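Colleague: Going line by line, the protein sequences match chains X and Z.
Here the numbering used here is used: position 107 in the first sequence is 107, and no number is missing along the way.
Here the numbering used here is used: position 438 in the second sequence is 755, and no number is missing along the way.
No wet-lab data here; the hints were simulated from the structure.
Predicted model, so just to flag it, every value in this text is computed and none were measured.
No more than 16 Å apart at the CA atoms, straight line, and that leaves these computed lysine to aspartate or glutamate pairs for EDC-like: (1) Z:Lys733 / X:Glu49; (2) Z:Lys448 / X:Glu49; (3) Z:Lys733 / X:Asp52; (4) Z:Lys434 / Z:Glu462; (5) Z:Lys799 / Z:Glu656.
Just a sample of chain Z residues kept apart from chain X, beta carbon distances all over 12 Å, derived: (6) Gly419; (7) His423; (8) Tyr625; (9) Glu789; (10) Ser845.
Here are some, though not all, of the chain Z residues that point toward chain X, as calculated from beta-carbon distances under 7 Å: (11) Ala557; (12) Ser726; (13) Pro730.
Every residue gets a Cβ at the ideal spot worked out from N, C-alpha and C, and that includes glycine.
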Amino acid sequence: MWRYLFKRFLLMFPTMLGVAVITFVLIRVIPGDVVELRYAGDRGAVSQELLDKERTRIGLDQPVWKQFLVWMAGVVRLDFGQSMWTGAPIWEELKLRFALSLQVAVMATVIAVALAIPLGVLSALRQDTWLDYAVRLFSMAGLATPSFWLGIVFILALLITFKWVPPMVFTPFWVNPWENMVQLIWPALAVGYRYSAVATRMTRSAMLEVLREDYIRTARAKGLVQKLILSRHALKNAMLPVVTVVAIEFAFLIGGLVVTEQVFNLNGLGLLFVQAVAHRDYTLLQALVMLVASFFIIVNFAMDVMYAWLDPRIRYR
Amino acid sequence: MHRRTGLVTFAALLVLALALPAAAQTPRHGGELTFVVPSEPPSYDAHQEETFGLIHPIAPHYNTLLRVDPVDKTGTKPVGDLAESWTISKDQLTYTFKLRRGVKFHDGSEMTSKDVKATYDKIIKPPAGVKSLRASAYESVKSVEAPDPSTIRFTLKWPESSFLLNLASPWNWIYRADIIAKDPHWYEKNINGTGPFKFVEHVKGSHWVGKKNPDYWDKGKPYLDGYRAIFISNSAAQVAAIRGERALIQFRGFSPPERDSLVQALGSKITVQESPWDCLNFVSMHHEKKPFNDKRVRRAMSLALDRYAGSAALSKITIVRDVGGILVPGTPYATPPGELEKLAGYGRDINANRAEAKRLLKEAGVPDGFAFTFKNRGIPHPYEPLGIWLIDQWRQIGFNVKQEIVEASAYHPMLKRGDFEVAMDFQCGFIVEPDLDLARFVSTSDANYGKHKDTAIDDLYSRQARATDPEERKKAIRQLEKRLLDDEAHVIYTLQWHRIIPHNSRVHGWTITPSHYLNNQLDTVWLSE
Chain X
1 MWRYLFKRFL
11 LMFPTMLGVA
21 VITFVLIRVI
31 PGDVVELRYA
41 GDRGAVSQEL
51 LDKERTRIGL
61 DQPVWKQFLV
71 WMAGVVRLDF
81 GQSMWTGAPI
91 WEELKLRFAL
101 SLQVAVMATV
111 IAVALAIPLG
121 VLSALRQDTW
131 LDYAVRLFSM
141 AGLATPSFWL
151 GIVFILALLI
161 TFKWVPPMVF
171 TPFWVNPWEN
181 MVQLIWPALA
191 VGYRYSAVAT
201 RMTRSAMLEV
211 LREDYIRTAR
221 AKGLVQKLIL
231 SRHALKNAML
241 PVVTVVAIEF
251 AFLIGGLVVT
261 EQVFNLNGLG
271 LLFVQAVAHR
281 DYTLLQALVM
291 LVASFFIIVN
301 FAMDVMYAWL
311 DPRIRYR
Chain Z
318 MHRRTGLVTF
328 AALLVLALAL
338 PAAAQTPRHG
348 GELTFVVPSE
358 PPSYDAHQEE
368 TFGLIHPIAP
378 HYNTLLRVDP
388 VDKTGTKPVG
398 DLAESWTISK
408 DQLTYTFKLR
418 RGVKFHDGSE
428 MTSKDVKATY
438 DKIIKPPAGV
448 KSLRASAYES
458 VKSVEAPDPS
468 TIRFTLKWPE
478 SSFLLNLASP
488 WNWIYRADII
498 AKDPHWYEKN
508 INGTGPFKFV
518 EHVKGSHWVG
528 KKNPDYWDKG
538 KPYLDGYRAI
548 FISNSAAQVA
558 AIRGERALIQ
568 FRGFSPPERD
578 SLVQALGSKI
588 TVQESPWDCL
598 NFVSMHHEKK
608 PFNDKRVRRA
618 MSLALDRYAG
628 SAALSKITIV
638 RDVGGILVPG
648 TPYATPPGEL
658 EKLAGYGRDI
668 NANRAEAKRL
678 LKEAGVPDGF
688 AFTFKNRGIP
698 HPYEPLGIWL
708 IDQWRQIGFN
718 VKQEIVEASA
728 YHPMLKRGDF
738 EVAMDFQCGF
748 IVEPDLDLAR
758 FVSTSDANYG
768 KHKDTAIDDL
778 YSRQARATDP
788 EERKKAIRQL
798 EKRLLDDEAH
808 VIYTLQWHRI
818 IPHNSRVHGW
828 TITPSHYLNN
838 QLDTVWLSE
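One chain only, chain X, in its complex shape (with noise of 0.2 Å):
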């Protein structure tokens, strides 16, 4: 199990260098850089002398590949400069942006983990009656329906119902928790009813095939209750592919939310990612994708050693 732990730990390595390497080329292929945008901006006449002034000073005016070999010295000692259009440290503009993402993306992991398994098992159990007509609906409809239109329908909702939107400003949770958790929990569960209808599909299939596998029948035929087939035999197999669903669904989410956060003007990575592609500010949009990479990879790399705890061949191969 070590050894299949450590290939899939030292596969990470070329994995992010391949990120690195796409991100740095496709954001210099889209027109336009950060020096344009930013000084020729409302009135537009901006003379080409002061743009080159500026090009230099940010080392636009460098070639590419001196440009790139910069950046990976950096990377490789964890700094990725400053970003091109606010000139602050990139650390300091991600560090905003990551707890709030982080705590909806958790929030919503949760709103849809609590909905999707006993929604899931139940509806497999209760297969072709009522009730698993009735999940199946509800699921189908949250997988039919975006997250920011949900969003906007809470807001229009809230707003034609109490006259009340909610706050426009992130408060941390440990400075004021009522605050946070009524600015947070829309966005968190316009997000989480999509996410949880696609764990819901996944838990319910799975189960319905691992109740028709062999053991399961065997489990039956000695005795055992049905309590406990479905706790010890049946739901932890049919975990497998439900955990790889809400570990990417989680892994998407830190900075996945790029208009869902628009709607709830919630400061978040999926907002900095629209106006770091905006701003063509390349810095920090590739600090930003080698995050969300970073972040995709680790939760890949959990998934891994969740799958050996969960699949006695994997721990034994």
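We have chain X already, so just place chain Z on it with the hints.
Modeller: Just chain Z now, with coordinates in the frame of chain X:
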């Protein structure tokens, strides 16, 4: 006797009626103004930035030498801010300002003429490595001197009509001389002004907070205890913030449908202020590409536009309204309606205009029109509706137009490269002043994207800029306008932007102007209960 009593009673009632609103308008101290800012400042230094996202949250920390009168709806009247009074020499080459005494920076140090001089030196001749975006606006300045602590003197190389208004620029915040001398980049990341509010905090991507400056030189002001600017980029979220009273105002502007939805939802709790906006979309045609090098074709394209019907239809859905000339309608140098209607494409008889357009096209050898690509910016308001309207209008005289939407960030580079035949261009000023609004049409301007070369325009621009008599200046502006929009039709003006500010009725003491860069010090703003 009865008649006399009646008159007295009427007079008393009249006095009471006049006095009541005045009493109701007495500013109230206290409260925090929360407002929405749709953009965010890249740095804190106004001398080197271009965005209103910096002016709105940070202007309350600073003063300028002059400012635009906060109650002047035209946004064209300079009044003293740190300057108490001023004199202009007869030859209009020397401007001498007396500064207010007892003005303190937020760090407690006294503001003197040394600070004003250091600020203007930084703006006009920035030290190496320091950017100043508006240095070219002060090319006429020969010297800035501080003969004594409360006097500042500007000497010009030539008379310049716009000079006084240029000193009221909302970007020219007065900085502390010692700080600039020690580190000219200090103000990029720090705040230390003389303004009505002191800096409290800036949480990036989230909000900006200021609190009342108790030592403000204008005693009794500001009225507010503080303010909180919330950064919200999404327009639906901005409307939701105002509607849910999470914010009371947004100082840039909303679209007509957004205004209507707020009015419908909040009724008397919302007050709407509207003004022509010193921003405008015009069409640039590349003069080096055929057939746009032919002025008959360009004139025909302008004659095809039914601006008056367009105004009626588009003003319901987007932020344009008035049919105007080269300066904002309702401001001192705006084109009088009678004169405006004489320009090509501005006459009320659209059939006659289009018949003339077709005649010109025939004369130019393209009687059936031709196909071309119109490049437009990928921004909903007002670019997209305006683009659709233009294409429809041009089709009426036989043009087959394909619209290509250019993503907002790639739009300027496209214009600069000249990678277009016909493109939507735009102009947005921070003060309604001909020098600022017309500079881009001078042949050598970096923003002359259509690449016209017209020495007559260049001469007329210089003439109006140096005219000391307002009437003489007006005449030069009208001639420039006729040449730019009619005789040569170098560009095609569409409709003037229209600024709409629906705000919570608790907000008082703020007057809309044609520029969203003006009137953001918040010293006059107060909140009712």
